[in-house]
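Each chain, written out:
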Amino acid sequence: MSLLKLRAIDKSFDQTHVIHGVNLDVQQGEFVVLVGPSGCGKSTLLRIIAGLDSPTSGDVWIEDQRVNDVSAADRGCAMVFQSYALYPHMSVYANMAFALENIGESRSEIERKVREAASILKLDALLDRRPTQLSGGQRQRVAIGRAIVRNPKLFLFDEPLSNLDAELRVSMRAELRDLHRRLGSTMIYVTHDQVEAMSMADQIVVLRAGRIEQVGSPQALYNQPANTFVAGFIGSPRMNFIPISSFPEGANALNWPVGTHTMGVRPEHWEQAQAQDQGTWSMTVQSVEYLGGQQLIQGHLPCHTRIEVLGAGEPRVHIGEQLSLQVKASQAHAFDAQGFRLPRSLL
Amino acid sequence: MNMSMLSVTRGRKRLHWTDVLSYVYLLVGLITLFGPVLWLVMSSFKTEAALGMYPPSFLPYAQKSLVVTGHDQPLPLFLVHQDGQAPRAMAQVGRIGLMATMVDPAQPDVTVQVPIQQRIPITELAFAWGNYADLFQKFNFGRFLWNSVFITVVATLLTLLFNSMAAFALSKYQFKGRKAVFMLIISTLMIPPTIILVPVFLVINGAGLLNSLWGVILPAVATPTGVFLLRQYMLSIPDELLEAARMDHASEWRIYWRIVLPLSAPALAVLAIFSVMWRWNDFLLPLIVLSRNEFFTLQLALNAFQGELNTQWNYLLAMTVITLLPVTLVFAFLQRHITTGIANAGVK
Numbered sequence: 001m002s003l004l005k006l007r008a009i010d011k012s013f014d015q016t017h018v019i020h021g022v023n024l025d026v027q028q029g030e031f032v033v034l035v036g037p038s039g040c041g042k043s044t045l046l047r048i049i050a051g052l053d054s055p056t057s058g059d060v061w062i063e064d065q066r067v068n069d070v071s072a073a074d075r076g077c078a079m080v081f082q083s084y085a086l087y088p089h090m091s092v093y094a095n096m097a098f099a100l101e102n103i104g105e106s107r108s109e110i111e112r113k114v115r116e117a118a119s120i121l122k123l124d125a126l127l128d129r130r131p132t133q134l135s136g137g138q139r140q141r142v143a144i145g146r147a148i149v150r151n152p153k154l155f156l157f158d159e160p161l162s163n164l165d166a167e168l169r170v171s172m173r174a175e176l177r178d179l180h181r182r183l184g185s186t187m188i189y190v191t192h193d194q195v196e197a198m199s200m201a202d203q204i205v206v207l208r209a210g211r212i213e214q215v216g217s218p219q220a221l222y223n224q225p226a227n228t229f230v231a232g233f234i235g236s237p238r239m240n241f242i243p244i245s246s247f248p249e250g251a252n253a254l255n256w257p258v259g260t261h262t263m264g265v266r267p268e269h270w271e272q273a274q275a276q277d278q279g280t281w282s283m284t285v286q287s288v289e290y291l292g293g294q295q296l297i298q299g300h301l302p303c304h305t306r307i308e309v310l311g312a313g314e315p316r317v318h319i320g321e322q323l324s325l326q327v328k329a330s331q332a333h334a335f336d337a338q339g340f341r342l343p344r345s346l347l
Numbered sequence: 001m002n003m004s005m006l007s008v009t010r011g012r013k014r015l016h017w018t019d020v021l022s023y024v025y026l027l028v029g030l031i032t033l034f035g036p037v038l039w040l041v042m043s044s045f046k047t048e049a050a051l052g053m054y055p056p057s058f059l060p061y062a063q064k065s066l067v068v069t070g071h072d073q074p075l076p077l078f079l080v081h082q083d084g085q086a087p088r089a090m091a092q093v094g095r096i097g098l099m100a101t102m103v104d105p106a107q108p109d110v111t112v113q114v115p116i117q118q119r120i121p122i123t124e125l126a127f128a129w130g131n132y133a134d135l136f137q138k139f140n141f142g143r144f145l146w147n148s149v150f151i152t153v154v155a156t157l158l159t160l161l162f163n164s165m166a167a168f169a170l171s172k173y174q175f176k177g178r179k180a181v182f183m184l185i186i187s188t189l190m191i192p193p194t195i196i197l198v199p200v201f202l203v204i205n206g207a208g209l210l211n212s213l214w215g216v217i218l219p220a221v222a223t224p225t226g227v228f229l230l231r232q233y234m235l236s237i238p239d240e241l242l243e244a245a246r247m248d249h250a251s252e253w254r255i256y257w258r259i260v261l262p263l264s265a266p267a268l269a270v271l272a273i274f275s276v277m278w279r280w281n282d283f284l285l286p287l288i289v290l291s292r293n294e295f296f297t298l299q300l301a302l303n304a305f306q307g308e309l310n311t312q313w314n315y316l317l318a319m320t321v322i323t324l325l326p327v328t329l330v331f332a333f334l335q336r337h338i339t340t341g342i343a344n345a346g347v348k
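First to last, the sequence lines map onto chains U and C. When you line the first sequence up against my numbering, it's residues 1 to 347, in that order. When you line the second sequence up against my numbering, it's residues 1 to 348, in that order.
It is worth saying that the hints were derived from the structure and are not from the lab. Take the hints with a grain of salt, since some may be wrong.
Calculated pairs, DSBU-like style, for lysine-lysine (alpha carbon to alpha carbon, straight line, at most 35 angstroms) [said to hold, decoys possible]:
#1 153(U) - 172(C)
#2 172(C) - 113(U)
#3 5(U) - 122(U)
#4 5(U) - 153(U)
#5 153(U) - 122(U)
#6 64(C) - 138(C)
#7 5(U) - 176(C)
#8 113(U) - 5(U)
#9 113(U) - 153(U)
#10 172(C) - 5(U)
Since we're looking at a predicted model, the values are computed, not measured.
Work out the full structure, taking the sequences as your base and the hints as a guide.
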């Protein structure tokens with residue numbers, strides 16, 4: 001039984017059609033990340049799941065129960081907002097206790113649950129403080145604590161790490177993964193950062209302009225992107241797209257399927273080749289970025305298509321140099337004229 | 001209030017000329033604005049006779065009087081300058097026209113006729129507390145004070161409650177006609193109160209609230225200014241807070257009572273101060289609603305005290321001082337909230 005089912009969800013705000021026919025299944029205990037560029041409708045979709053907005057058409061099912069008409073609070077979801085939305089005039093304890101007070105729990109029960117959540121998130125010392133007296137990371141944890149205390153079926157996160165600085169973001173990512181493991185609950189996480197998606201998710205849902213482009217595990221999205229959008233969105237640095245007109249002589253040895261229009265190769269998958277080998281690509285180096293243990297070599301092919309190569313080690317190439325490159329067949333992706341992936345027979 | 005602000009000067013050790021100018025200017029302002037109030041307070045302690053004295057004095061002086069044997073009432077003392085004699089204190093028995101009949105207290109049996117120009121009243125500093133005491137004892141002043149306080153306090157509480165509810169609905173809910181309702185409320189500000197005076201009276205009469213304090217409280221509870229002020233402040237409360245509260249199983253009433261209202265405290269303080277000011281000084285509405293003496297507010301009592309032919313100024317002044325006190329105290333203690341409330345409304 002899927003914990004969450006979305007069927008044919010459509011959403012329009014006045015004349016703007018924001019979400020088109022979204023279907024999604026989320027299993028119990030999964031960590032699902034909705035990722036996509038700004039304006040793709042991921043936050044709107046999250047709000048529809050939460051019940052804060054209702055879909056123009058389509059159904060939302062939670063635990064095999066149609067919840068379109070069920071209020072947000074009664075759906076058993078808890079949401080962590082991008083701006084945390086902590087009640088500024090209440091203490092941390094009161095913030096976390098508010099939900100339980102509203103459903104009429106006893107004082108002792110509330111105390112027990114709040115202290116439990118506080119100890120999971122290491123907020124014990126902060127219970128008497130006001131949100132304005134906390135740092136960003138601490139506020140983040142209070143917002144999460146407020147959600148945990150309600151013991152929901154579904155955790156919803158709306159870009160929770162986007163207000164934190166880079167270093168804190170990395171440590172909070174680990175903490176959230178840890179939390180998921182400990183609680184074993186189902187979490188739906190919205191972000192525009194594909195690194196967060198790749199590092200945290202069991203399933204990634206890539207959205208563009210209100211449509212699901214691909215659903216799959218991080219490995220599936222990385223190794224078998226369904227179209228050029230997903231291929232270019234996932235993975236950093238961005239995948240190189242080479243039009244078929246740029247293919248060198250002998251590149252047909254790679255057995256391109258019929259209808260191939262574009263080839264995709266990730267910068268980290270290029271390999272050094274001998275110039276005289278068949279099917280090698282010749283690249284003129286234009287700049288080299290030294291990244292520490294790696295180097296990002298930017299240049300162009302004879303037809304002036306720009307490509308990037310991510311190489312290991314210290315830079316030993318010079319500007320203007322000609323590099324010979326090759327790529328394994330399994331790591332070269334073929335896309336047709338519409339940008340869809342073409343399956344290739346493995347060599 | 002920051003006391004160090006009072007001693008800020010431009011010059012470091014010696015006063016700069018602009019400092020002198022500033023202080024002079026401030027002093028002139030202080031005297032001009034505060035002087036009459038101080039005069040009022042001092043005059044309220046003068047007896048009626050002292051009020052009529054010319055030239056007027058700042059401090060309350062009352063004429064000394066002495067009990068002289070052979071007379072029941074204490075007789076007023078005068079300093080008499082008679083030709084050829086040293087000035088001496090004499091008590092006046094009576095006065096007819098320009099001649100006063102006076103006795104020397106040492107010789108109570110001997111009366112002397114003294115022209116009134118030759119006598120000067122002997123005065124002493126005396127605070128006529130009787131002015132205030134009589135108000136509560138002889139006149140029903142305690143009742144008037146209670147009426148005013150009751151109306152002000154209850155009306156302010158009701159105003160805060162209802163205006164904040166309206167402002168909450170207008171700022172945080174989307175519904176058809178929202179803009180129209182808001183425009184309607186604001187447009188009532190354009191109507192002068194005198195135009196609706198007669199209809200208001202008819203409505204209060206029809207509701208049976210004439211000659212009742214509730215007839216003064218209820219009609220003016222919903223103020224467009226209050227709704228506007230609170231709505232503008234509530235717009236700055238993030239909607240996400242309400243959404244988070246909804247997800248926390250809070251009913252709409254709880255969201256209003258426990259989230260929005262506490263967060264609107266600065267704006268509520270401002271409205272409370274305005275409301276206290278309006279209600280305490282309100283004259284027109286109580287005038288048309290209340291005609292029975294026991295329901296009069298302080299303002300009506302002050303007005304009623306001015307008779308057509310005769311006004312007892314000493315009682316009037318004492319009453320005025322008492323009427324000024326509560327609002328002054330409210331302001332003195334809450335002025336901090338006015339500035340922070342209005343300032344925060346802009347910053348947040």
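_Given the hinted pair residue 172(C) and residue 5(U), is their Cα-Cα distance within 35 angstroms?_
Roughly 31 angstroms separates the two Cα atoms, so the pair holds.
*Hey, residue 113(U) versus residue 153(U), does the alpha-carbon distance stay inside 35 angstroms?*
Holds, because 16 angstroms separates the two Cα atoms, which is no more than 35 angstroms.
*Verify the proposed pairing of residue 5(U) with residue 153(U), using a straight-line Cα cut of 35 angstroms.*
holds (13 angstroms)
*Given the hinted pair residue 153(U) and residue 172(C), is their alpha-carbon gap at most 35 angstroms?*
Holds, because 29 angstroms separates the two Cα atoms, which is no more than 35 angstroms.
*Is it true that the CA of residue 113(U) sits at most 35 angstroms from the CA of residue 5(U)?*
Given pair residue 113(U), residue 5(U) holds - Cα atoms ~30 angstroms apart, limit 35 angstroms.
*asked:* Between the alpha carbons of residue 153(U) and residue 122(U), is the straight-line distance 35 angstroms or under?
replied: The hint holds at about 23 angstroms.
*Straight-line alpha-carbon gap residue 172(C) to residue 113(U), limit 35 angstroms*: Holds: residue 172(C) and residue 113(U) sit about 32 angstroms apart, inside 35 angstroms.
_Against the 35 angstroms threshold, does the CA-CA distance of residue 5(U) and residue 122(U) hold or violate the hint?_
holds (34 angstroms)
*asked:* Hint check: residue 64(C) vs residue 138(C), CA-CA at most 35 angstroms. Holds or violated?
replied: holds (25 angstroms)
*Does residue 5(U) pair with residue 176(C) here, judged by a C-alpha cut-off of 35 angstroms?*
Within the cut-off at roughly 33 angstroms; holds.
Consistency with the previously given hints is maintained throughout, with no hint failing.
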